[in-house]
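Chemist: Below are the chains, spelled out letter by letter.
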Amino acid sequence: MTTATFSFATIAPALPEIVLLVLAAALLVADLFLRGAPEQRHATYGLTQAALAVVAAVTLGQMGDPSEVTLHGMYVSDLLGQVLKVATVLTVMGTLAMGRQYLQLRGLLTGEFLSLALFGTLGMMVMISAHHFLTLYLGLELMALSQYAMVALERDSARATEAAMKYFVLGALASGLLLYGMSMIYGATGSLELTRVADAVSNGESHAMLGVFGLVFVVSGIAFKLGAAPFHMWIPDVYHGAATPTTLYIGAAPKLAALGFVLRLLAYGLQGMTTDWQQMLVVLAVCSLLVGNVVAIAQSNLKRMLAYSTIAHMGFLALGIIAGDDTGYGAALFYAISYALMTLGSFGAILLLSRAGFEAENIDDFRGLNQKSKWFAFMMLIVMFSLAGIPPTVGFFAKLVVLQAVLDAGYTWLVVLAVLLSVVGAFYYLRIVRLMYMEAPAGEITVDPHPGTQWVLSIAGVLTLVFGILPAPLLNLCVRAIAASM
Amino acid sequence: MFQGYLLSLTIWVPIAFGIAVLAIGNDRAPAPTRWTALVGAVLGFLVCLPLWSGFQPTAEMQFTEMGSWIPRFNVNYHLGVDGISMPLILLNSLMTVLVVIAHWEVVTEKVGQYLAAFLIMSGLINGTFAALDAILFYVFFEAMLIPMFLIIGVWGGPNRVYAAVKFFLYTLLGSLLMLAAFIYLYWQTNGSFEILDFHEVALGFTPQVLIFLAMFMSFAVKVPMWPVHTWLPDAHVEAPTGGSVILAAITLKIGGYGFLRFNLPIAPDASHYLAGFMITLSLIAVVYIGLVALVQADMKKLIAYSSIAHMGFVTLGFFIFTADGMLGGIVQMISHGFISAALFLCVGVLYDRVHSRQIADYGGVANTMPVFAAFFVLFAMANTGLPGTSGFVGEFLVILGTMKVSFWMTFLAATTLITGAAYTLWMIKRVVYGEVGNARVAKLHDVGAREMTFLVILAAAVLALGVYPKPLSDVVNPTIHKLLAHVQQSKVQ
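Top to bottom, those sequences are chains A and B. Heads up: the first sequence begins at -11 in my numbering, then just goes up one per residue. Heads up: the second sequence begins at 15 in my numbering, then just goes up one per residue.
Quick caveat, the hints were computed from the structure, so don't treat them as lab data. Be aware that one or more of the hints could be misleading.
[Claimed, not checked] Partial list, computed: chain A residues near chain B (C-beta under 7 Å):
#1 Thr262
#2 Ile378
#3 Pro379
#4 Pro380
#5 Val403
#6 Val407
#7 Ser410
#8 Val411
#9 Ala414
#10 Leu418
#11 Glu432
#12 Leu463
#13 Val467
All C-beta atoms in this analysis are idealised placements derived from N, C-alpha and C, irrespective of residue type, glycine included.
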């Protein structure tokens, strides 16, 4: 091992994380002085968005730099990381912009919430760029702890408190599983650094039995964090219980980070055990597709329905990883980014229809939306068809590339199963479209006049369509990122 | 000047106008919306005409366009038409014009969205027929579901929502399996989604059967063949008139087109192996569904079942592997496009006045609407296959082709001449002839200029195709001969 030297060059690759940490800390301090009058909350909000924009810009500036492992193997900066980080930061920005009005009306738009959101984002970025079991775990916990607190922040709501409790207890259990698995893999390979773990496994220097045991725990932990069945039980309750912007925060960006985590850990670090984890992921994918698609039908609460829809989508994401080659990983990356976009759209619509004292979270609240606002009904239509995987939307191409990779890997039966369950899934997405277009409004429908919600929702909807018609640029980027980083 | 982009124009002109109509749509002053839609539909039809006049009577793909779309997976924006797809594009563009004319005084709610849905769908259907890349085909094929779903579900009859969802899910299930088949073929051709490459690739027998069945699921639902036809009566009955017209005249044809473009050439051995199965299903459609049509009390339902029976003739013609049968099937597709559209429009004319589709609510319409009655009877006769109308040509050719294969098959197929006449004429007798049935019929007024327009156009088409089908068969024949030669060669190595 080289002696520890400090120079700017060694930490330069981690610049986005450093900038975010500094700005988040500064925001915490600044918020103390800005506390009080309502217009000052806008200042905090503006600073938060500015901080995220700066981080996105810094990350974008790094794109094209050669891949580099630094900080003694703890951290990697590569195209995959940059793509995921930019997508994550943009998703968080969209989340905050959409949720602003909702949070403000409920008195949740506080410095605490915003700085937790920033620290959570930092956690996600660390996960994405981790190259070491400890960094992976550190990022994961930073993200998870911020999220637990964000859910719990709505103190007056019994539902939110219950959700936070469930989330925390189960999350801690999953972290325990993950750590236990990592310790076993450490025992088997003698290292925590991913490259050395990878070398040890592929050179046969590891203890095979112990390694597989560790792998089981690691995969379980990951499945919990992704929300893949049968480790999905927390998802519906947390999605339902948390304030909608928090749900959106938990539902969109962390999926990108979790994908980064999976790719680093399984696809890179444990690539020598691909055949082992493939089998485990097959079980997870099949369970998720079944549970997600079938149970979603019975939901009358939109947030719960979207929670089950998430589970189904995570099953699809797992399919891409199961393929176990660059095509599959590229497909999974494309899927995750598309999914984040669609999640912004679907939860954005809930936020759009909510107002002070009213949560538009029941499916029936979308009844007759087309009569009130053609444009937003159309946006929601695009997002719903995209979630169902109907062209010409990005959801179709996401499914297509995943299925293509899985079929190439020889899992024909998985493809057929996924396809059949997609039809089941289409049923409940169609239900929303049906209510919006084919029913008369049940009660009063109001559209949030706040431009932030409207703009982000429109952008998400239009991008869903645009990437569905011209998917090539995004797809190329994903493929390049995987090729450069795996 | 646009020579190289004709097919793109047939796709994108209606879609562009559809978006424009959506943008300017306004229910309080619908006139500009309607005129824009009409201009778009007519323009969409006009850009198709050079396809007909410039078509070379060979089996080659013509008017081809090629552009890279998703280079990573070798997916291309590849368009082209041959003798099978070109007439269908023409038919579709003509129907769009008629649908826009037909809606004029009838649809008053959400006019912009209604017309936009039809225009966009028209472009998508043209894309389906013109696509030479499997993914491009699939995108058009599936995207079409969205406007159709909305048309049935928003402007349809009382049970529209059920019908729309049923239509959507049935079609989706079939097409997703086809998508899996496309991906499989992509790996078999070493990374190509070109439909013409799919035609050439060697395949083992079992894969062929599986591919055939996957695509069968997709196209059989569209045709629709017995027993996956049950969505059609619901969808037809609940759809607004324009929706029924497009469903019957065009979307059903996509199923038939799919068999010719995909099943037969990609899986020739499986096609021969499963021909008996396909013929059986077709004959069941012809005989059994013909009988079902006989007992319908609802005019639209009757025409819907009649459509299924007629489409049974189409698939029968395709799977007996004779030139006559295949030509007959294609002529039948075009002819049925005109006739079913005409019949649905006729029912629409009555429905707009009386607001009932029940046969029992009418009687003696000829007394109050003599001109309309003349047209209605003409189309009904065409539906029964009267010589001199387009309905005769297709059925006769299919029966001729079937005769070369088997007498009993022909016997069963020919029962349609009796049942078809029975259900159609019985309906006509009860609706058009006899004493004036009730007070509402007594108050009917005859068709106006707008309604005359589409009735005359369709009557002219039905008669022209019936008296002189040669221009159509000249276009179709080279493609058929090439296809038959291709299907005779085994792909199993």
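Chemist: Does each hint fit the structure? Answer for all of them.
Modeler: The hints, checked one at a time:
1. Interface restraint check for A/Thr262: the shortest CB-CB distance to chain B comes to about 20 Å, outside 7 Å, so the restraint is violated.
2. Interface hint status for A/Ile378: upheld, as the beta-carbon distance to the closest one in chain B is roughly 6 Å, under 7 Å.
3. Checking A/Pro379 against chain B by beta carbon gives a least distance of about 4 Å; that is within 7 Å, so the hint holds.
4. Checking A/Pro380 against chain B: minimum C-beta separation of about 5 Å stays under 7 Å; hint holds.
5. Nearest Cβ of chain B to the Cβ of A/Val403: about 5 Å, under the 7 Å cut. The hint holds.
6. With a least beta-carbon distance of about 4 Å to chain B, the hint placing A/Val407 at the interface is held under the 7 Å criterion.
7. Checking A/Ser410 against chain B by beta carbon gives a least distance of about 6 Å; that is within 7 Å, so the hint holds.
8. Look at A/Val411: its Cβ gets to within about 5 Å of chain B, closer than 7 Å, so that hint holds up.
9. Interface restraint check for A/Ala414: the shortest CB-CB distance to chain B comes to about 5 Å, inside 7 Å, so the restraint holds.
10. Interface hint status for A/Leu418: upheld, as the beta-carbon distance to the closest one in chain B is roughly 6 Å, under 7 Å.
11. Restraint check, A/Glu432 versus chain B: the minimum CB separation of about 20 Å is more than 7 Å; hint violated.
12. The interface hint given for A/Leu463 holds, since its Cβ lies 5 Å from the closest Cβ of chain B, which is under the 7 Å cut-off.
13. For the restraint placing A/Val467 at the interface with chain B, the shortest Cβ-Cβ distance is roughly 6 Å, inside the 7 Å limit, so the hint holds.
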